[in-house]
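**Q** Sequence:
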Amino acid sequence: MTEKVVELQQQLIDLESKLAFQEDVVQTLNDELHEHQKSIEKLQRQVMLLAEKISKGNDSGILRVDEEPPPPHY
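When the letters of the sequence shown are read in order and numbered with the numbering used here, they come out as residues 81 to 154.
One or more of the hints may lead you astray.
Here are the simulated lysine-lysine pairs, DSS-like style, with alpha carbons at most 27 Å apart [unchecked claim]:
1. Lys122 x Lys136
2. Lys84 x Lys98
3. Lys118 x Lys133
4. Lys122 x Lys133
Here are the in silico distance ranges between beta carbons for each label pair [unchecked claim]:
5. Gln102 x Pro150: 31 to 41 Å
6. Val105 x Arg125: 24 to 34 Å
7. Pro152 x Glu121: 33 to 43 Å
8. Gln117 x Ser97: 23 to 33 Å
9. Val127 x Val106: 26 to 36 Å
10. Ile93 x Val127: 44 to 54 Å
Think of the hints as simulated: they come from the structure by calculation, not from any bench. Just so you know, these numbers come straight off a predicted model, no measurement behind them. In this text, a Cβ means the ideal position worked out from N, Cα and C, and glycines have one as well.
Using the sequences and the hints given, assemble the complete structure.
**A** Next comes the structure, spelled out in structure tokens:
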């Protein structure tokens with residue numbers, strides 16, 4: 081083989097290695113994005129439930145005196 085062919089083969093190998101690495105990075109980022117999206121959707125549902133409770137007036141967010149935990153110094 082000529083020197084030029086060997087050089088082209090090495091360049092091809094280098095490009096294939098870079099492509100494989102980039103594909104792995106893209107897949108990892110995609111998986112991470114998917115997990116973040118699931119977390120965001122869960123938080124949105126929780127916020128909606130809290131907003132419904134507050135708008136209905138069922139939950140003032142304040143405990144009654146007998147439900148209140150004792151202060152930490154007791």
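**Q** Against the structure, test the hints numbered earlier, and report the numbers of the ones violated in rising order.
**A** 5
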